[in-house]
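Novice: One letter stands for each residue in the lines below.
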Amino acid sequence: MANWKKGRRNFLISAVVIGGSVTAAMQFGLPYLRRKAFDFLSEGGPPGGGTGDNPALWISIDTDNTLHLQVPKVEMGQGVHTALGQIVAEELEVSWERVSVSQGSTLTGPVDSFGTGGSASISGLYLPLRQLTANYRSMLITAVSEEAGMPVQLSKGVFSASGKMIMTLAEATRLDRDWVIPEDDAPLKPASEFKLIGKSVPRVDYLDMLTGIPHYAYDLKSSKQKTYYGAVAKPPKIGAVLENVRTETAKQMQGVIEVIEDGEFVGIIGESRESAWLACDALDIKWQTAETIDQDSLDFALDPNAKDSVVLKKTGDLDFVFSNPNTIRAEYSTPFAATALLEPQSSFAELIENDILRVRTPTQFPNTTASNIAKRLGIEEHKVEVIPTYLGGGFGRRSKTESAIEAAVLAYKTGLPVHVGWRREDEFLHDRFRPPTRHILHGLVEKSGHISGIQHLQASGDVLLSDLPSIAASILGSDFGATRGINVAYEIPSLELRAKRTPLPVPTASWRGLGLLANTFATESFIDELAVSASEDPLSFRIKHLPQGDKIRLRNALQRVGKMADWNRKRPTGTGLGVACCQDYGTVIAQVAEVSVESGDIRVLHIWAVMDCGLAVNPDGAINQVEGNIVWGLGSALHEEITFFDNKPLAQNFDKYPLLRLSETPRIKVELIQSELPPQGVGEPAIGPVPAAVANAVYAASGKRLRSLPLRL
Amino acid sequence: MKITINRKEYSVNEHELDRKLLWFLRDELGLVGTRYGCGAGLCGACTVLVDGQPYRSCITPIGAVADGQLVETVEGLGSKQKLHPVQRAFIEEQAPQCGWCMSGQMMMAVSLLNNNPTPTDTEIEEFMTQNYCRCGSYNRLRRAVKRASRY
Chain A
1 MANWKKGRRN FLISAVVIGG SVTAAMQFGL PYLRRKAFDF LSEGGPPGGG TGDNPALWIS
61 IDTDNTLHLQ VPKVEMGQGV HTALGQIVAE ELEVSWERVS VSQGSTLTGP VDSFGTGGSA
121 SISGLYLPLR QLTANYRSML ITAVSEEAGM PVQLSKGVFS ASGKMIMTLA EATRLDRDWV
181 IPEDDAPLKP ASEFKLIGKS VPRVDYLDML TGIPHYAYDL KSSKQKTYYG AVAKPPKIGA
241 VLENVRTETA KQMQGVIEVI EDGEFVGIIG ESRESAWLAC DALDIKWQTA ETIDQDSLDF
301 ALDPNAKDSV VLKKTGDLDF VFSNPNTIRA EYSTPFAATA LLEPQSSFAE LIENDILRVR
361 TPTQFPNTTA SNIAKRLGIE EHKVEVIPTY LGGGFGRRSK TESAIEAAVL AYKTGLPVHV
421 GWRREDEFLH DRFRPPTRHI LHGLVEKSGH ISGIQHLQAS GDVLLSDLPS IAASILGSDF
481 GATRGINVAY EIPSLELRAK RTPLPVPTAS WRGLGLLANT FATESFIDEL AVSASEDPLS
541 FRIKHLPQGD KIRLRNALQR VGKMADWNRK RPTGTGLGVA CCQDYGTVIA QVAEVSVESG
601 DIRVLHIWAV MDCGLAVNPD GAINQVEGNI VWGLGSALHE EITFFDNKPL AQNFDKYPLL
661 RLSETPRIKV ELIQSELPPQ GVGEPAIGPV PAAVANAVYA ASGKRLRSLP LRL
Chain B
1 MKITINRKEY SVNEHELDRK LLWFLRDELG LVGTRYGCGA GLCGACTVLV DGQPYRSCIT
61 PIGAVADGQL VETVEGLGSK QKLHPVQRAF IEEQAPQCGW CMSGQMMMAV SLLNNNPTPT
121 DTEIEEFMTQ NYCRCGSYNR LRRAVKRASR Y
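Going down the list, the sequences are from chains A and B. For the first sequence, counting from 1, position 325 maps to 325 in my numbering; every step adds exactly one. For the second sequence, counting from 1, position 6 maps to 6 in my numbering; every step adds exactly one.
Be aware that a few hints might be false.
Result set (DMTMM-like, lysine to aspartate or glutamate): computed pairs, CA atoms no more than 25 Å apart in a straight line [unchecked claim]:
no., chain 1, residue 1, chain 2, residue 2
1, A, K221, B, E16
2, A, K413, B, D27
3, A, K704, A, D601
4, A, K195, B, E92
5, B, K20, A, E271
6, A, K224, B, D27
7, A, K251, B, E16
8, A, K669, B, E126
9, A, K237, A, E274
10, B, K80, A, D620
11, B, K2, A, E274
12, B, K82, A, D64
13, A, K656, B, E126
14, A, K656, B, E125
15, A, K221, B, D27
16, B, K146, A, D208
Derived from the structure by calculation, the hints contain no laboratory data.
Same shape as in the complex, but just chain B:
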């Protein structure tokens, strides 16, 4: 089986299809930007995009995304030299504190803005509230997503 991650194809063994996408990304492929928080789809730190929609990779079996879907992780957003607008906005608002939740937050923001390029404050709030930030950077996350929507 093949799985497409950040526009690149990887082979998956048949017996690995039940494995959770999160650990395949992190421990197999070294794509450690997708973070582990709870293993139960509750906190959002592991959020990746599957065909543009946010998925909690800690509860998503590889088999569920190995059928031609496009998986995107934070590594696919932008590089240090060429940041994605959402990464830029997060930096410009100095949003992160410890930063562990931020990949998930950015993937949520990208998904929101792809579907709705000019969200209202309420729409940002209702969408982004699904992810936890233990450090409490919520005020800045609101601003960062708003800022990214203007780029």
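One chain only, chain A, in its complex shape:
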């Protein structure tokens, strides 16, 4: 295809906002700007990326009329490939059996200015990708109509005119002509004619996955020659730096091909994975540890009362709250947590034609990974191709793939195809952890039964600022990842939200939902405490504070989940119900947990959930995400906690970091409210309310208020 006109759209929203912020700061002052930035970031959400104008980068039709879609968004189990396939197949009139979806490369695939994260892929691409496809459909219809000399229609992959088949979709895309993108956008297919969007079609990517066909980064090998295995020395303690290394022993070990030294980088290339690992462990390295890290010093670092915390939101005056003897004060905390993806990270690098280094790696941010590799090797970016693999779990951890750099260095320096796979112990020791948080809340309920004021002081380790240039931190003051979910949906006349950003000496970064889980745990536990203090029913207390109008969606979700759980039915002694809810960007979710407390054990029996995520492109896929988030939330509520001693996490494997098991998983029932809104985020919102719903249910069952995670009686 030729003659694509230049792009008309610009999706660089984030750049515009940060650029604009600097000017606004000079005019209105930093505190004002920070509150505005918080409003924007907590309501707008992360950018979902754009499509560009060239359909050929996304869509190709095989000769057998199969739609092949190449996407920049990375599949990590959230079903994004399936949903994007549905969107394109819908607009292009292709039946579902004829759809295949694959991951684009950074050199030849569609460009993605962002990456895959923040539950933003479908909400961000839904309209742009439909429009791109509709424009393409319009171009094809024009072309075939001209060819046939009469108007044609497209249905099920075939163009026809007055009942007569003219040509297939595959043939139309191969017409030899100049293809010109229409000046004006073609009309989108009306929702009333949808056959795929909004339907629970089966996932597009199960067959390889379930029959043992290579599918993940750890499965990769060279298709042309012998594959070698790499292992790179990593500090045995967090913060340690390589002082010197003796490689003699390692070099002489069986199966060792080469030892690569490059400054602080020491890596082994071995015949087999095990020989590389063994030799790597045999390297005689002297490490220098800078600063002692243990749990006490980390715990002490977080101070929600810090004078220099940043005001995120302030409405009304709160003095009357602090001076009132009936004011409730409570403190909550959440610990470090590991990402613990089940597939340890790995990458495969090889030099291909034109001196291009091809790296196949499980990354959520392919473009960043490619430029980091180029920077590390001192080569130009167009000499590095990153092809993201299918991810054995993402959840934010794959925002950085260290093994991509490791494999790239080893392959580039030796010219050999190298696969580097991390061990489980590497995953724990070199994780980027969910940061700990502390929260202090004050609140007052008036005699009328209405909350008159709440103050939430939060302190958290970094989530996103750890990966951003320091200018972002000085402008924003707080970490907008750590404050995700701190906004309060309820109508409260006086509200103050403050956050104290706390960089910690251990790496902390994105973990599913970012701050959503911790902040919702604090807020929604506290709302429960306020309800109890006013002798109000926790469910109707919440509903009462969500007026009709713009809060109607959350109100509806709460009402419906109350019905599902049969909220008013009395449970036996030792069993209780707890409710919690949250709004995460455009998605609202309410949950009820039923918990029994027996001889010191918390057992979660049921979770009911109602989510309104706008139009669910694939409702069953969305429900699967809610179920998974509930299991994640329960893992955090009941087990997950990382503690540090002597610059190391105590857990190095699952024996000391148990994940939630099937036998601990309650009966889960999920319902979606299909609203008129376009698709909103689905991959994370449901994690928010889980720990608070469980803690509130523990209170209902036992009278014990648990304020720190994991919940222990």
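Given the structure of chain A, go ahead and fit chain B onto it with the hints provided.
Specialist: Here is chain B on its own, set in the frame of chain A:
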């Protein structure tokens, strides 16, 4: 020495007998459907069947299964064209999310159903709980195993 995997015989060198079965399957034979999760027999992603019983291949030396035992991996269950009933059930319940644990889960399910073709919900729960699923597809795994038991 010989080792039988999915009804096919492979030769193993004497010096390889201590090697863990997992890496022999994946890196030597290219049978990458058996996944690595923890290397310590804790998560179950590497589960294979040895004479019908579930083994954690990440801690099983080749030598322990090179004495006439029959090793089965996910590649031996069924192909894309002809799926095993357990594979079918997992697809029909749309159970996987990221899917990394699923080979191990399916091998567990096959083992359970071979020994007990009509397990109760409790029996499914007690058996399948040995394997982790980080994505949290447990609700669907329960249903998928139940469904497979009806085929």
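Novice: So if I understand the rule, the pair passes when the alpha-carbon distance is 25 Å or less; does K221/A with D27/B pass?
Specialist: Cα-Cα ~9 Å, so holds.
Novice: Does the alpha-carbon distance linking K656/A and E126/B stay inside the 25 Å limit?
Specialist: With Cα atoms ~21 Å apart, K656/A and E126/B stay inside 25 Å; holds.
Novice: Need the status of pair K224/A, D27/B: alpha-carbon distance at most 25 Å?
Specialist: holds (15 Å)
Novice: Given the proposed pairing of K20/B with E271/A, does the C-alpha separation stay at or below 25 Å?
Specialist: holds (16 Å)
Novice: Quickly compare the C-alpha distance for K221/A and E16/B to 25 Å and report which way the hint goes.
Specialist: Cα-Cα ~21 Å, so holds.
Novice: Can you confirm whether the C-alpha distance between K82/B and D64/A stays at or below 25 Å?
Specialist: holds (22 Å)
Novice: Taken at face value, is the distance from the CA of D208/A to the CA of K146/B at most 25 Å?
Specialist: This hinted pair holds, its Cα atoms lying about 23 Å apart.
Novice: Sort out whether E125/B lies within 25 Å of K656/A, counting only the CA atoms.
Specialist: Holds, at roughly 23 Å.
Novice: Can the restraint linking K704/A and D601/A be considered satisfied, given a maximum Cα separation of 25 Å?
Specialist: holds (13 Å)
Novice: Between K2/B and E274/A, does the CA-CA distance stay at or below 25 Å?
Specialist: Judged against 25 Å, a Cα distance of about 21 Å means the pair holds.
Novice: Below or equal to 25 Å on CA atoms is what counts here, so check K669/A against E126/B.
Specialist: holds (21 Å)
Novice: Check whether the Cα positions of K195/A and E92/B lie no farther apart than 25 Å.
Specialist: Judged against 25 Å, a Cα distance of about 20 Å means the pair holds.
The structure meets every hint from the earlier list without exception.
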